[in-house]
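Engineer: Residues per chain are reported as follows:
Number of protein chains: 4
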Amino acid sequence: MDALTFHEGRHFLQIPGPTNVPDRVLRAINKPTIDHRGPEFASLTLSVLSRLKKVFNTTGPVVMFPSSGTGAWEAALVNTLSAGDRVLMYETGQFAQLWRGVAERLGLDVEWIEGDWRHGVDPAKIAERLSADPEGSIGAVAVVHNETSTGVASNIAGVRQAMNEAGHPALLMVDTISSLASMDYRHDEWGVDVTVAGSQKGLMLPPGLGFNALSDKALQASASANLRRSYWDWKPFIEANKNGFFPYTPATNLLFGLSEALDILMEEGLEAVFSRHARLARATRGALSAWRLENLAVMPAEYSNSLTAVVMPEGHDADKLRRVILERFDMSLGAGLGKVKGKIFRIGHLGHFNDLMLMGALCGVEMGLKLAGVPHKEGGASAAMRFLAEQG
Amino acid sequence: MDALTFHEGRHFLQIPGPTNVPDRVLRAINKPTIDHRGPEFASLTLSVLSRLKKVFNTTGPVVMFPSSGTGAWEAALVNTLSAGDRVLMYETGQFAQLWRGVAERLGLDVEWIEGDWRHGVDPAKIAERLSADPEGSIGAVAVVHNETSTGVASNIAGVRQAMNEAGHPALLMVDTISSLASMDYRHDEWGVDVTVAGSQKGLMLPPGLGFNALSDKALQASASANLRRSYWDWKPFIEANKNGFFPYTPATNLLFGLSEALDILMEEGLEAVFSRHARLARATRGALSAWRLENLAVMPAEYSNSLTAVVMPEGHDADKLRRVILERFDMSLGAGLGKVKGKIFRIGHLGHFNDLMLMGALCGVEMGLKLAGVPHKEGGASAAMRFLAEQG
Amino acid sequence: MDALTFHEGRHFLQIPGPTNVPDRVLRAINKPTIDHRGPEFASLTLSVLSRLKKVFNTTGPVVMFPSSGTGAWEAALVNTLSAGDRVLMYETGQFAQLWRGVAERLGLDVEWIEGDWRHGVDPAKIAERLSADPEGSIGAVAVVHNETSTGVASNIAGVRQAMNEAGHPALLMVDTISSLASMDYRHDEWGVDVTVAGSQKGLMLPPGLGFNALSDKALQASASANLRRSYWDWKPFIEANKNGFFPYTPATNLLFGLSEALDILMEEGLEAVFSRHARLARATRGALSAWRLENLAVMPAEYSNSLTAVVMPEGHDADKLRRVILERFDMSLGAGLGKVKGKIFRIGHLGHFNDLMLMGALCGVEMGLKLAGVPHKEGGASAAMRFLAEQG
Amino acid sequence: MDALTFHEGRHFLQIPGPTNVPDRVLRAINKPTIDHRGPEFASLTLSVLSRLKKVFNTTGPVVMFPSSGTGAWEAALVNTLSAGDRVLMYETGQFAQLWRGVAERLGLDVEWIEGDWRHGVDPAKIAERLSADPEGSIGAVAVVHNETSTGVASNIAGVRQAMNEAGHPALLMVDTISSLASMDYRHDEWGVDVTVAGSQKGLMLPPGLGFNALSDKALQASASANLRRSYWDWKPFIEANKNGFFPYTPATNLLFGLSEALDILMEEGLEAVFSRHARLARATRGALSAWRLENLAVMPAEYSNSLTAVVMPEGHDADKLRRVILERFDMSLGAGLGKVKGKIFRIGHLGHFNDLMLMGALCGVEMGLKLAGVPHKEGGASAAMRFLAEQG
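Residue numbers (my numbering), protein chains in the order written: chain A, 16 to 407; chain B, 16 to 407; chain C, 16 to 407; chain D, 16 to 407.
Calculated directly from the structure, the hints in this document are not laboratory data. Please read these numbers as outputs of a predicted model, since none were measured by experiment. A few of these clues could be false.
As the list makes no split between identical chains, a pair holds if one copy fits it or if it spans any two.
[To be verified] Quick list of in silico lysine to aspartate or glutamate cross-link-like pairs, DMTMM-like style, CA-CA up to 25 angstroms:
#, residue 1, residue 2
1, 392, 405
2, 250, 119
3, 335, 254
4, 232, 131
5, 354, 254
6, 356, 131
7, 356, 55
8, 358, 55
9, 335, 55
10, 354, 106
Only chain A is shown next, with the shape it has when bound in the complex:
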C-alpha cells in the first residue's frame, strides 16, 4: 500500500483536493469512535453545527451527510425538485458537467448554457434564459462557485441579482466544493437556496462528508418536491440535528475532525484564511506569468484563489509532466479532466497551506517543466517569492 517508488520526506499533495490534512485534524480523527446516540455525541454535533454555519455565512440549517460532495449535489436536487422539472445549469467545466449528469440521471430536464471552460457564469445569460421563462417552468438555477476543473470562480451575487431582476422564482443552488472556507462565500447574503459542499478541500478534512446549507425557500420547496429520496432527505436530519443526533449512523470520526478543523479556521479567523488564499493564489499566478504559461482562467475577476489551472504549450502533454513531477519530486498535481485532459494541469493552493509549502510546490513545477522539456521561461518561482516577500 505504500508508494510504488520510495520517496523520503513529505509528499506534496497539490491536487486541488483532497488537500493536505493538518496533523491536528488527523489526530482528531484518530479518537476512539463514540456512541452516536449518547450525550457526548450530541454535544459534539451541536457545537459543530453552530460553528459550521459561520463558514457558510448562514443562520439556517446545514445538513451533513456521510458521503462525498457528489452526494451533496444529489441531495440538493432530490430534496427540492420533482420529476421532469427544468434546471438551468451552466457549463463552467467538468464539475458543472458532472452535476448535470447527476440531474439527468435523476430525471430532471437540464437546460444547459454552454461555456468554454475558461470563463465563469455570465449572469446576463442566466437572466436571458430566465426572462424567456415567464411561466416559471425552471425550478432551479444550479451553478458552480469555483470550478475545480478550471480554476475559474463565478460571481454568485451577480447570478442572484440577475435572478432577482428577472423576477424569477427559481431556486439558486451553488456548488462551493472547492471554495468554501478558502474564498469569501455568503449563503444568506447572496440569497443562495442550497449550498453544496464537501469536506476535503478548504475544510481540510479527508473526504467523506457532504454538506447542504438551506434557505427557507429550499425547505418549502422540499415539502412538495416529488423526486424519490430517502438517504438524502433533509427532513429527518433537521429534526434529529436539533438534539444533536442523526437519522442514521453518521461518520463520527470525520465529525471529530470537522470539529478540529473548525477550531483551526476560527483561530486563524475566516478573513485571514481568505487573505492567505488570495495571497498564495496571486503568487502562483505571478509564477505563471514569469514562466510565460497561460492561466486557463481568462478574466482576472474570475481567478480562483484555491487552485490555478495551467495551459500546456501546444504539443506538450500535461499528464507526462505530472508523472515526471510525481516520480521525481513526489508531488501530486491535478490532472486536466474531461475535454482538457492532457492539455492543462492544476495546482491546488488551498487549505492547510502556507508560503513555504507553496514555494516548494512552485519550485517542483518549475523543475518539472525543465525536466519534461516543456517550453517556459525560468523565473516563475522567483517571481512568486518576490511577491510573497513584499506581502510581509
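Given the coordinates of chain A, assemble chains B, C and D onto it according to the supplied hints.
Structural biologist: Same frame as chain A, but now just chains B, C and D:
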C-alpha cells in the same frame, strides 16, 4: 466535545456498533490523505477489494460507497428494481422496518411479512408468499441476516433454499451490517444477489463506508432496473474499480483503515474470528441465564453471535438502566429501538473484543442491574467467567 | 514486532507500570516535534512545570530529565551528596534494593535497615538509627513511598516526624515512582527534600521522563555536594527552566504527552483521582480475600492503592500463572522481582483505569487461577463487583 | 501550548535537529505502551538492535539509553575512563566544547586542541599530541564527526590513521549525533571505540534516546575504568539486551518509533539516504554561493551533508533574521551557538527531507534575507533549483 461527566479509563462501547475501533485501525486512519487518482491509491484499492471479497465469501464485485450502511440499503434497491416493483420483506425488527421505509420512499411496493421481533426469518413463510406469486411479480426478497435491534440471526441458506424450491426468480438481498466479519457468511454459496454491509461493526472501522456485494444476476438486473440512481449506481464503480479508482472521491482515510482491519482479520483468521464471537456470545447468554433475565431471541439456533438483546423485567425501564450504567461505569449499551424502546437493552460483543473486555462489560451490566434496582439473580458474570475459563 | 500469538481486542496492561496510556496522551505524543529553543516550546515548558508542581504538592522547583525513573534516583543522590557520605536506606523491597545499588555504585556508604518486604518503613527504626548518629554523619535518609515490588506503602509524614524528633539534619529523599498522581503525596508539607518520580505510572505516560522535586535544603546541599555530575546536574535545569528551556535537548514529545496527562488529572481533580485509586485498590483486596489468597502487604495502613502483590500458595509458580494469563487472556501482570520471584504476582490498578477495566482484570486473574490449577476459592471477582456497586 | 502567533500550514523545522519526524514514525510512537518484560517487547528489542547495527556499520553491541545525546556523551566517558585520565579533545565548535565540559565535570583531564570553528579535526594535530605522549597517559581521543554548531565534518578515518601511525593505545570516541544515518559512517572499519549518537537527527525520531556503539577495546576498558557509573553502565545493558530486555525501564514508545524509522531507512537504502543528503547539501551550498553568503565551513572536503552554517554579513544579526523568518514564514532555523551567536544561522537539511521541502526552506531563507535587510544577491533558491533539476 469531551464527555459531559469526566470519566477516567477507557470507555466501554458496547452498543452493537459502532464497535471499539482497534488502535491499529485508528492509526491507519491517521495517515495523510493521498491523491485518489494516483498510483499509490490504485494499489490500495485493488488490495482492499481482493481481501474484502474473502470476507463476503464472494468472487464477484464488491462496491464500496462513502456512506453509512443506510446508503448501502438504498443502493441495493435502486440498482436492481424499477418503480412499483414488489419487494418481499420480513419484520425481524427495527432495521428490517427501516429498510422497508427506504424501499417505500423509493416507490417500491413492499410486501411485508410480520414478525414478533423475537424470531428470525421463517423460510417457510417466504416460500409461501413466493408460491403465491407464480407470475413472478416479486422482484426481490430482502431480509436481515442478523437483526441488530433484536440479536436474532436468520437462516439465509434456508431462505435461498425456499426460494429455489419455489422456483421463484426474485433476487435475494441480505443485510449483514451486524454480522459480516463476526459470523459465518457466504455470499456466493448461499446464492445471495446483493449483500449489504457497513464499516462500523465487525469490520471494526468508524462509520462511513457502505458495501454491496453483487451476484451476476444482480448485475443483470441492474441493466434494466429503472429506479433513478446516480450516487449509488454500481456500474461506474465496477468500471473504475478495475484499475483501482472510483467514480467520485472516495473516503480515502477510511480505506486506509479498512486495509488495516482486513490485515487484522486475516492475521487472526476468519474461522478464529467467528469462533471468538461464538464464544463471547455464549458467555453472554450464560450470564443472562444466571441473572434469570430473558434473551429477546427465542430460538437457540437464531441467537446472534454479535449482540444479545436483554428483556427487562416488567415495570423496569431499560433506558434508565442504561443511563445508570453510562454515568456510573462509562459503558454505552444499545437502546431498545422502535417498539421495544425501554423494554430491552442490547449488549454488543462484536468486533475488536475479547474475553476480558467482555467480562468488564458483563460486570458493568451486573453492577448496573443492582444499582438500578432491576430484579435479577446475582452470578451472571461468574457464570460467564466459568464458561470462558473452560474454553481455555 | 507484533504479539507472538495473535490476540484480538485490547491488551490488559496490569503490570504496575508502564500503565495503560490514555489515547488522549498517545495522540498528544503524536504531535510533530518542535524547536526546543523556540517560543512555542518555552510556553509549553512553563505551563507543564506550573501544573506539575501541584501534583507534587510543592512550590519549589521540579526538574525533568529525559530518563527513566532510575535516572531520577541517581540524580537525587549525585546532586546532594559527596563521596563516602552515608545514606540511610530501608529494605522495603526490590526497588529500595535497586536504589541502594545505585547509591553504592556512586560510592556512597549505605546504611541499610533490613526489612521483610511485607512492611513499610518503620519510622521508629529510622529514629533509632539517626539517634545513634549525633555527629550527623548520615547525609540522607532515602526511602520508597510505595514499593512497586510489594504493594506496600510507607508513612512518609511519619518518617519526617521521626527525623525531626531526632533533630537530625539529614536530607529526606523519597521515591514516589508508583505513587505520584495515584496516592496522596505532599512534598512540601511532609518536608521531603528530594522526591523522585517517573512518567510511566500515575502520570499515565510512556516511560522516558524522570523527575526530581527539590526543597531549599536540597538545593543548598547541592552547592557543596561533590559527587561528579553533569547530565543530572539540577543547576542548569533550574536556570534554563526559568525561561522555559532546558540545558540539553529535552524529550519534547513526552512533554506534549505530559501536558495532556496533567490536563486529564486536573479535569478529574487530584482528590477524585486518589479516591478512584483507593476504591479500585479496595475492590482488588476484596477479591484477594474472597479467593483466600494472601496480600503480600501485611498492615492495612500500608496497603498500596496503586498495586496489589498476591502471594502464591506454596508450591505454585506465579510466573507460570502469569504466562497462562498472558497467553490465554492477553493480560500482562507484574512478576515477582528479586527474592520473591515466582512467589508472588502483582496486579497494577493505577493510572488510566476504571471499574470495568478492573473487573476485566480481576476476572482474568480468577480464570487464570482456575486454568493454572492454583488453589483458591471462587468469588473474588464477585466480591469486587459487590464492593464497587456499593460505591455507586 | 500552541504557537504564539497562529500559522496555517506545516511548520518548517530546519534547525539541524530535532528534525521533521515522519508521520509513519509519529504513528508508531502512538502505539499503546507494552510490558517491557514481556515476549512482544523482547522481539522488538532484538529486531531493533540487529537493524540498528547496520546503521552504525558495526557488528558489536549498541547500547540505547533513555536519554538525550548528552547522556550518551557521558556514558562514553564514564564507562571507559578513570578519575584524572587524560582525554584529548578538539575544538570543532560548540558541541565539542560542551562535550569537553562533560568530561571536566566528570573529573577528567581534558587536553584541548584549539580550533577556529571553521575547520574539522586536523589528524596531524592529533598525531602530534599523541606522539608527545609516549607513556600513553592519554586515555581517549574524543572528536565530533559532524559538528552540529558549524556544519563542519571531520575525517574520522584520518584520525584513526593518525592514531595508528602514532602507535598510541588511546580509545577513539566519536560523536555522530548529527551525522549518523545522514552521512556515511563506519564504526568498525574506521576503528572507532565508542560512537555516540542520539535519536532526533538522521534517525528521524523525537529526542529521548541516546546511543553508544562499542568496540571490544572499549568493552575491555570498561572493565577497569573507575569513574562512578550506574545509570550509564554498559554492562547490564549488554547482558539484558541479549534476551531483548533492559536493566531498567526503557523508553518503549520511542523504540516503537525507532523500529519504524529503521524500516524507512532500509526501504530507501542507506546508500540512497546518503546520496539524498549529499544532493540536498550541495543544493544548499549552491544557494549560498548565489546569495554571495559565506559558508562557515571553509574546506569543501569538510562540508557537512546534514546542515549548513551561514555566516552573516558584518553588522547583521542572525537572530533577528531567524525571528523574522519564524514569525513571517513559520520556519525554525538553527541559531548560532556560543561564540558565533548572532553571527551565523544554520539550515538543517537532514532526516525526513526532500527536494521540495528544501526548496521551501531555501525560499524562506531568501525571502527572509530580503525582509530583514540582509545584503545578498538574489538567486540562491534559483541556483539550488537548477542544481536539483539537473540531478533528475
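Engineer: If a hint holds in the structure, say so; if it does not, say that too.
Structural biologist: So, going through the hints one by one against the coordinates:
1. 392 with 405: both (22 angstroms within a copy, 16 angstroms between copies)
2. 250 with 119: both (24 angstroms within a copy, 16 angstroms between copies)
3. 335 with 254: between (50 angstroms within a copy, 24 angstroms between copies)
4. 232 with 131: neither (32 angstroms within a copy, 43 angstroms between copies)
5. 354 with 254: Answer is between: at 20 angstroms across copies they meet the 25 angstroms cutoff, but 43 angstroms inside does not.
6. 356 with 131: Within one copy only: 14 angstroms inside, 58 angstroms across.
7. 356 with 55: The answer is between: 21 angstroms across copies meets 25 angstroms, while 47 angstroms in one copy does not.
8. 358 with 55: between (50 angstroms within a copy, 24 angstroms between copies)
9. 335 with 55: Close across copies (17 angstroms), not inside one copy (50 angstroms); limit 25 angstroms.
10. 354 with 106: Answer is within; shortest intra-copy Cα gap is 12 angstroms, inter-copy 50 angstroms.
Hint 4 from the earlier list is the only one contradicted by this structure; the remaining hints agree with it.
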